[in-house]
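Participant: Chain by chain, the residues:
Protein chains: 2
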Amino acid sequence: MRVPVLYGQDDGKGFQNEIRYISGRFQWDLKQDWDGQAEIDFPDTPEEIRKELLGFLTPEEIDFSLEARFLHSLGKSSPEILMAKHGKLSRIVDAVIYPKEERVQALLSDLLKHDYRAIIYGGGTSVSGSLLPFGKGKIVSIDTKNLRKFDARENFAIVGSGLRGVEAERAVNKLGLTFGNFPESFLHSTVGGWVSTKATGQESNYYGGIENMLLGVKMETSQGTLHDDLVPRESAGLQPKDMALGGDGKNGLITEVALKTFPGPVNRYFQSRIYNSFYDGIMALSRMRVFPAVARLSDEMETEFALMGAGDSASIRFFRKYISLRGYSKGALLIIVNNNHVVLPEHKYSMSAGSRPAKSWYKGRYARPGLANILWKSGLVPDTLETSATWGNIWKLYTETRKAFYDFKNGQGFQGEIMAHISHLYRQGACIYFTFILKGDDELELLQETRDRLIRTFMANGGSVTHHHGKGKFFSQYMDPLLLRQQASYEDPLLGGDR
Amino acid sequence: MRVPVLYGQDDGKGFQNEIRYISGRFQWDLKQDWDGQAEIDFPDTPEEIRKELLGFLTPEEIDFSLEARFLHSLGKSSPEILMAKHGKLSRIVDAVIYPKEERVQALLSDLLKHDYRAIIYGGGTSVSGSLLPFGKGKIVSIDTKNLRKFDARENFAIVGSGLRGVEAERAVNKLGLTFGNFPESFLHSTVGGWVSTKATGQESNYYGGIENMLLGVKMETSQGTLHDDLVPRESAGLQPKDMALGGDGKNGLITEVALKTFPGPVNRYFQSRIYNSFYDGIMALSRMRVFPAVARLSDEMETEFALMGAGDSASIRFFRKYISLRGYSKGALLIIVNNNHVVLPEHKYSMSAGSRPAKSWYKGRYARPGLANILWKSGLVPDTLETSATWGNIWKLYTETRKAFYDFKNGQGFQGEIMAHISHLYRQGACIYFTFILKGDDELELLQETRDRLIRTFMANGGSVTHHHGKGKFFSQYMDPLLLRQQASYEDPLLGGDR
Numbered sequence: 233m234r235v236p237v238l239y240g241q242d243d244g245k246g247f248q249n250e251i252r253y254i255s256g257r258f259q260w261d262l263k264q265d266w267d268g269q270a271e272i273d274f275p276d277t278p279e280e281i282r283k284e285l286l287g288f289l290t291p292e293e294i295d296f297s298l299e300a301r302f303l304h305s306l307g308k309s310s311p312e313i314l315m316a317k318h319g320k321l322s323r324i325v326d327a328v329i330y331p332k333e334e335r336v337q338a339l340l341s342d343l344l345k346h347d348y349r350a351i352i353y354g355g356g357t358s359v360s361g362s363l364l365p366f367g368k369g370k371i372v373s374i375d376t377k378n379l380r381k382f383d384a385r386e387n388f389a390i391v392g393s394g395l396r397g398v399e400a401e402r403a404v405n406k407l408g409l410t411f412g413n414f415p416e417s418f419l420h421s422t423v424g425g426w427v428s429t430k431a432t433g434q435e436s437n438y439y440g441g442i443e444n445m446l447l448g449v450k451m452e453t454s455q456g457t458l459h460d461d462l463v464p465r466e467s468a469g470l471q472p473k474d475m476a477l478g479g480d481g482k483n484g485l486i487t488e489v490a491l492k493t494f495p496g497p498v499n500r501y502f503q504s505r506i507y508n509s510f511y512d513g514i515m516a517l518s519r520m521r522v523f524p525a526v527a528r529l530s531d532e533m534e535t536e537f538a539l540m541g542a543g544d545s546a547s548i549r550f551f552r553k554y555i556s557l558r559g560y561s562k563g564a565l566l567i568i569v570n571n572n573h574v575v576l577p578e579h580k581y582s583m584s585a586g587s588r589p590a591k592s593w594y595k596g597r598y599a600r601p602g603l604a605n606i607l608w609k610s611g612l613v614p615d616t617l618e619t620s621a622t623w624g625n626i627w628k629l630y631t632e633t634r635k636a637f638y639d640f641k642n643g644q645g646f647q648g649e650i651m652a653h654i655s656h657l658y659r660q661g662a663c664i665y666f667t668f669i670l671k672g673d674d675e676l677e678l679l680q681e682t683r684d685r686l687i688r689t690f691m692a693n694g695g696s697v698t699h700h701h702g703k704g705k706f707f708s709q710y711m712d713p714l715l716l717r718q719q720a721s722y723e724d725p726l727l728g729g730d731r
Numbered sequence: 233m234r235v236p237v238l239y240g241q242d243d244g245k246g247f248q249n250e251i252r253y254i255s256g257r258f259q260w261d262l263k264q265d266w267d268g269q270a271e272i273d274f275p276d277t278p279e280e281i282r283k284e285l286l287g288f289l290t291p292e293e294i295d296f297s298l299e300a301r302f303l304h305s306l307g308k309s310s311p312e313i314l315m316a317k318h319g320k321l322s323r324i325v326d327a328v329i330y331p332k333e334e335r336v337q338a339l340l341s342d343l344l345k346h347d348y349r350a351i352i353y354g355g356g357t358s359v360s361g362s363l364l365p366f367g368k369g370k371i372v373s374i375d376t377k378n379l380r381k382f383d384a385r386e387n388f389a390i391v392g393s394g395l396r397g398v399e400a401e402r403a404v405n406k407l408g409l410t411f412g413n414f415p416e417s418f419l420h421s422t423v424g425g426w427v428s429t430k431a432t433g434q435e436s437n438y439y440g441g442i443e444n445m446l447l448g449v450k451m452e453t454s455q456g457t458l459h460d461d462l463v464p465r466e467s468a469g470l471q472p473k474d475m476a477l478g479g480d481g482k483n484g485l486i487t488e489v490a491l492k493t494f495p496g497p498v499n500r501y502f503q504s505r506i507y508n509s510f511y512d513g514i515m516a517l518s519r520m521r522v523f524p525a526v527a528r529l530s531d532e533m534e535t536e537f538a539l540m541g542a543g544d545s546a547s548i549r550f551f552r553k554y555i556s557l558r559g560y561s562k563g564a565l566l567i568i569v570n571n572n573h574v575v576l577p578e579h580k581y582s583m584s585a586g587s588r589p590a591k592s593w594y595k596g597r598y599a600r601p602g603l604a605n606i607l608w609k610s611g612l613v614p615d616t617l618e619t620s621a622t623w624g625n626i627w628k629l630y631t632e633t634r635k636a637f638y639d640f641k642n643g644q645g646f647q648g649e650i651m652a653h654i655s656h657l658y659r660q661g662a663c664i665y666f667t668f669i670l671k672g673d674d675e676l677e678l679l680q681e682t683r684d685r686l687i688r689t690f691m692a693n694g695g696s697v698t699h700h701h702g703k704g705k706f707f708s709q710y711m712d713p714l715l716l717r718q719q720a721s722y723e724d725p726l727l728g729g730d731r
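Chain order of the listed sequences is A and B.
Take the first sequence: its position 115, counted from the start at 1, is 347 in this note's numbering, and no numbers get skipped.
Take the second sequence: its position 302, counted from the start at 1, is 534 in this note's numbering, and no numbers get skipped.
Think of the hints as simulated: they come from the structure by calculation, not from any bench.
Where hints are given, some of them may not hold.
Identical copies go unnamed one by one, so any copy, or any two together, can satisfy a pair.
[Said to hold, decoys possible] Under the rule of at most 30 Å between Cα atoms (straight-line distance), these lysine-lysine pairs were calculated in the DSSO-like manner: (1) Lys332 / Lys553; (2) Lys381 / Lys628; (3) Lys628 / Lys283; (4) Lys580 / Lys492; (5) Lys628 / Lys492; (6) Lys609 / Lys381; (7) Lys492 / Lys595; (8) Lys283 / Lys345; (9) Lys591 / Lys377; (10) Lys377 / Lys406; (11) Lys345 / Lys609; (12) Lys245 / Lys283; (13) Lys492 / Lys332; (14) Lys553 / Lys628; (15) Lys553 / Lys345.
Treat the numbers as computed from the prediction; the structure is a model and nothing was measured.
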């Protein structure tokens, strides 16, 4: 049986120009050589496990189908896609459970009583390996899709953890409000997933990260229910929401999330500038005291991709001509989206690029995975890694990361390129988001080795192991063992523990 | 031997008018009947403990004196002051240790090896009972006063946990910057104490609470060193700073704190208004989208205290006359301090009271404990409790809390009054800060019973057990046992555990 494993339904048809440009730019001959599906072949759920689970679950609550079990056993990271493509997934979950809220507490204690482990599944957009089942024991996936409450209060709302971002935002927009959280995964990720990955959205400079939006959670554990007092602030030590944030769902199953609401709709102002260099753009951003809602600064290569991949219409050709006449054809593009108030970085060493690049980024803000999908199908391996660092460390981190990538590439003799952009701003530093593309033999091993070298380079240069994708199995291995022990002492016996 | 136990050195001489007014208003005959000192009589540290400690500590690092041991064994809350006054402290610590940073790690493992428990002591301004030693075992106090690093970076600074607020702020002011944290304890509390109590300052509406200012901590535990990556953000689950915040120093000894810095000095604008009622003032504040740095709304009784206690000069008399002619003599005073930008609540049902009340509050912002001190010496028991609640709950919480207080007073037949002000604002709700005064027999039991009734009333009406004083022993007892178990699973074997 073949099952699609790429992100979303976007087949990348909207990115023909980019593909044509990329294959020309690097002389990569890109022909469709993969349909984006994986051949899956796993044993059926053993009869005794079916019987046991149906002892405390109704048939409507549970799915034993191969496709459901497989799709609930991995996320959307590039290593996971390659594991699926090459049949390297060690196992899948034994069943998928879809509980209603009133059933969750009993379900968790029943599962624990029968020696199960459980992995919580939201929108399935995890890129940290947090959904991969490991080990020999009985493992089920608990899908939160039936947890759909929506209850608006004074400047906050209580939202079921299973609501997708786009559903929750639509519900609050009807009240003239917004939650302000717009991750690239917005169309698929759930509100509960935002919390358990400690997500941050594209407009975090204006609205903050999920930790700033979160008033509290209700969390079911195999030991009982935990919930925050719904108050604006407390100082009584670690609270349930603190455990839930970035906890990968190992501390409890989040059923409800109380999120602040903000007045909406906002007036948006679009601008773009091209800086003489990525370095000049970084300097300009580092000197700001307040930031635009979105300020996305691409390095020279990502800028070239954006400008050259934008197609070949007369207006685009004129735009490129104009830029090169001004001497900025090797520059770094900054796209700016302001909400309500207009704030701009200093304009030294830069030229205006009008509003169009910002508007077109905004229009396609959730469609980027489509480009990745068509690269995948063309036999390439696209991937991203993000980190954050203080302004004092970020330039060295950027140059050392590029060097690590190209040193490895040249040593191994595979094809590949790496580029980056600054995606989230703080007065102390920024998130820098790397995109890289590989083409070579043993692509899974090649990718894993490349990721390991990049992450170690981040850490050696003052960067965090991750900025907003959660730790999961892929990033935990880089963390301080003492800190991991401390974190583990919080994990739930059913939901936590190494898999 | 007699030792002073009140807060700071302020003898309250600056509050003669208030005292005169209070004694008249309630026919309380206030004569100095206590010198604010406690008679202390505890056994010397046993010889074998002295020997054992001097086995791994130098004489300069340790103090066995009765006075030091006593003063490190309690905080400044009213129950603790009464315990000291009436000789009800069950025990004191065996010694006080003053380590330098490079010695802390070895010290903690040595102490654990010899079966000690340790309590971390910062500025000694705790009001949560977190400094009280309990139980029979060997207990030492570790005073952080020698941890005095100061190292400024890009829009943040690394500060030794033992620096007092006023010292840290002076150091950063020299660079034209501010930390923005101004708790009432500012002159005495330490930066490490700000973190371990999850403090928030008087200007939190503008700068946020310590959780918003904190970039990371370095924390020594008996198991090793924990430190945050110094990055603007990460999403790798619970970090050392998350454990340190509100942890009462039970998860580790914080040696360094990385705090964001803000541009300073700020332009301050002072205003005051009198609302027709406390209720009208609360409604006006609840409708604001952004807040002044300080917006302190007193209820009718606290307003009467402020206006009538302000003395009897011609200008004050004229001011009071003017207010009553405008029909606001039973109103609620709102004092406003704006930083840089002026934002004001709607003016419906209110009159301007000029800038003077706000300026005089600002001038005496750290001196309020002086008033408490002179009340103490006059034979009264002053106390405060603070909570936070959403706008939808706060009015009922306020009225029910007053009712609980006066019902108990009338049932028991003691003297007492309670008043409140809104002290910190959030778009979802506010912190409400209650001040009450008791006069009666068995004053310790009376106070403890009163506090218990007020805290239970907070919780029954959607309030948090505490907003910014930390949980300590006094508030933990009201928390969810499952949450406490989860919190305890983080505690350090030397620093944590029930005392």
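Participant: For a quick check of understanding: which of the numbered hints are violated here, in increasing order?
Facilitator: Checked against the structure, the hints that fail are numbers 1, 3, 6, 9, 11, 12, 14, 15, while the rest are satisfied.
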